[in-house]
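Chemist: If you're matching positions, the sequence shown starts at 1 in the UniProt record's numbering and goes up one per residue.
Some hints could be false.
[Said to hold, decoys possible] Below, a list of computed lysine to aspartate or glutamate pairs in the DMTMM-like style, where the Cα atoms sit at most 25 Å apart:
#1 LYS50 - GLU74
#2 LYS237 - ASP162
#3 LYS245 - ASP198
#4 LYS211 - ASP244
#5 LYS201 - GLU225
#6 LYS3 - ASP87
#7 LYS239 - GLU222
#8 LYS312 - GLU302
#9 LYS317 - ASP152
#10 LYS213 - ASP242
#11 LYS90 - GLU115
#12 LYS50 - GLU95
#13 LYS90 - GLU80
#14 LYS237 - GLU226
#15 LYS207 - ASP162
#16 LYS309 - GLU226
#17 LYS312 - ASP103
#18 LYS317 - ASP198
Simulated from the structure, these hints should not be mistaken for lab results.
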Amino acid sequence: MKKIAVFTSGGDAPGMNACIRAVVRTAIFRGIEVYGITYGYDGMINGNIKRMQSHSVSNIIQRGGTILKSARSESFRTKEGRQKAYDQLKSFGIEGIVAIGGDGTFTGAKIFFEEFGIPTIGCPGTIDNDIYGTDYTIGFDTAVNTALEAIDKIRDTAAAHDRIFFVEVMGRDSGYIAVECGIGGGAEFVMVPETETDLKKVVKSLKNLRKSKSSSIIVVAEGDEEGNAELIMDKVKDKVNDEDKEFKVTTLGHIQRGGNPTARDRVLASRCGMAAVEGLINGESNCMAGVVNGDVTYTSFEDCIGKTKPLKGDHLKLIEILSI
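All chains should be built: construct the whole structure from the sequences, respecting the hints.
Modeler: Written out as structure tokens, the structure is:
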């Protein structure tokens, strides 16, 4: 293998730049030409492909976002679009691909490999930590710490005014951010898509908590089946019926995607980036490079996409016990 390409796709995640850096420098160390594709699959189709050198990734390990940009691509969902992408790659002589992204990125990579056979290895870049085959995804730790810093500040003002705050974090299909923020932030309740939310229990507990706690924090993952934080607050507020309590909502939104990656994310991203290149060299393909129990592993795209990564039961138990 003489030439490979790397791109980022889907939602950005802190640590993607560290992963790009590792891919580029590992490839160069192994005597392989490496190319960067800007704007994901759309860039692949349009030929936004440039040769990268070691200096191309200098001073980026600490930066959030992605220097290769990211974009959704409707064209890549079509056979014609994928054919154009393949033709562009062949015109540059590219023989292998490193795809940094999440579920949608890997789905596209799997289809592309099945149709055209270009060896592809993914790196798990998503703040949601919802990809099977790796203990943690690139960007998750930073997102949790960003949200936790905000929750700590909200806790201060909640205590000062005896308020009940509903804090919405990202997690359309996964409650990992909500759970870890709930544990780390001392939340009284955490609501996630993976478990059924019992609003009657929440209301009853809030009424009981008034005897011992003047304020409460409730962390809501955006994908909870009862709705977003605003809707849930309205449902709970009507049933608690306490005129002495103020109910507030804070939606943290996209601040969770930005910021300098933590050391943990930088190391994880670097390990995955190196493993992706080493995997291509050693004949791995149509799979993701992740880290499980401290060791680098390769998991097929089919498993990454098709298998659910459940929340840890002891984490949910911790929230229940520690919120008393």
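Chemist: Now tell me if each hint is right for this structure.
Modeler: How the hints compare with the structure:
1. For the proposed pair LYS50 and GLU74, the alpha carbon gap of about 23 Å is at most 25 Å, so the pair holds.
2. The suggested pairing of LYS237 with ASP162 holds, with an alpha-carbon distance near 15 Å, which does not exceed 25 Å.
3. Of the pairs offered as hints, the one joining LYS245 and ASP198 holds, with about 21 Å between alpha carbons and a cut-off of 25 Å not exceeded.
4. Between LYS211 and ASP244 the CA atoms are separated by roughly 13 Å; this keeps the pair inside 25 Å, and the hint holds.
5. A threshold of 25 Å between alpha carbons decides the hint, and for LYS201 with GLU225 the separation of about 16 Å falls inside it, so the pair holds.
6. Annotation: proposed proximity of LYS3 to ASP87 holds, straight-line Cα distance about 15 Å (limit 25 Å).
7. For the proposed pair LYS239 and GLU222, the alpha carbon gap of about 22 Å is at most 25 Å, so the pair holds.
8. A distance of roughly 22 Å separates the Cα atoms of LYS312 and GLU302; the hinted pair therefore holds under the 25 Å criterion.
9. Note on LYS317 and ASP152: the hinted pairing holds, with a Cα-Cα distance of about 21 Å set against a maximum of 25 Å.
10. The hinted pair formed by LYS213 and ASP242 meets the criterion: a straight-line CA distance of about 14 Å does not exceed 25 Å.
11. The hinted pair formed by LYS90 and GLU115 meets the criterion: a straight-line CA distance of about 14 Å does not exceed 25 Å.
12. Of the pairs offered as hints, the one joining LYS50 and GLU95 holds, with about 15 Å between alpha carbons and a cut-off of 25 Å not exceeded.
13. With a CA separation close to 15 Å, the supplied pair LYS90 and GLU80 stays within the 25 Å bound.
14. Using a Cα cut-off of 25 Å, the hinted pair LYS237 and GLU226 holds, with the two alpha carbons roughly 14 Å apart.
15. Only pairs whose Cα atoms come within 25 Å are accepted, and LYS207 paired with ASP162 is accepted, the gap being roughly 14 Å.
16. The suggested pairing of LYS309 with GLU226 holds, with an alpha-carbon distance near 22 Å, which does not exceed 25 Å.
17. Distance check on the hinted pair: LYS312 and ASP103 sit about 20 Å apart at the alpha-carbon level, within 25 Å; holds.
18. Between the alpha carbons of LYS317 and ASP198 the distance comes to roughly 15 Å, so the proposed pair stays at or under 25 Å and holds.
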